[in-house]
Amino acid sequence: MLDGWAHRKIDPGLSAMATQLAAAGVRANAITYAGLVLGLAAAAAIAFGAYWAGLALILASRLCDGLDGAVARINGKTDFGGYLDIVLDFAFYGAVPLGFMIADPEANAIAGGVLLLAFYVNGASFLAYAVMAEKHRLKSRARGEKSLFFTTGLAEASETLAVFVAMCLFPQWFAIFAYAFALITLYTTVSRIVLAAGRFG
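Straight run, no breaks: the sequence shown in the working numbering ends on number 203.
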């Protein structure tokens, strides 16, 4: 929901950074891999109870997630780059809740499991819609120039990042955040299914 607004705010800065990185010979896929490493490090820090370190690493990881696409637009996008970006994004989204579950299994395991289920189903609905959109030759620039069809929704990258930040700032409330965001994510899934039924049914 907030991704469009967020992109308009941060894209000029990302583009300036991306220009410097591209000029230095840094490739988009390398930035994507770096984002995953930082995201997994964030999850590990959270698992050990280092929530402030986890927060810093999450923000660094998501900076990489913005920069890889900006660099790709300069150097030339590839299908593998788009594929890699989405797969490693989902790895990041699963790793952070897992970190909280490991940090305090008694308090967080069930809520974290519910959130991961919601992420799993939502990810399937997103990717399946993209496949059908390609089959029907649909195009969308609602979230900028992407390698695959992006359907918008209530729970997008910006909202997920905001929730992860809140979890790091208030780890004792992880379960509340997890259940609430699971509901929002499932609403996004249902709305996408309804959209698919209207367009592909």
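Mixed in with the good hints there might be a few duds.
Stated by the list, open to error - Below, simulated EDC-like cross-link-like pairs (lysine to aspartate or glutamate); rule was C-alpha separation at most 20 Å, straight line:
no., residue 1, residue 2
1, LYS141, GLU161
2, LYS141, ASP81
3, LYS79, GLU136
4, LYS79, GLU161
5, LYS137, ASP81
6, LYS79, ASP91
It is worth saying that the hints were derived from the structure and are not from the lab. The structure presented is a predicted model; accordingly, all values stated were derived computationally and were not measured.
Here's how the hints hold up against the structure:
no.: 1; hint: LYS141 <-> GLU161; in the structure: violated, 24 Å
no.: 2; hint: LYS141 <-> ASP81; in the structure: holds, 16 Å
no.: 3; hint: LYS79 <-> GLU136; in the structure: holds, 17 Å
no.: 4; hint: LYS79 <-> GLU161; in the structure: violated, 26 Å
no.: 5; hint: LYS137 <-> ASP81; in the structure: holds, 16 Å
no.: 6; hint: LYS79 <-> ASP91; in the structure: holds, 17 Å
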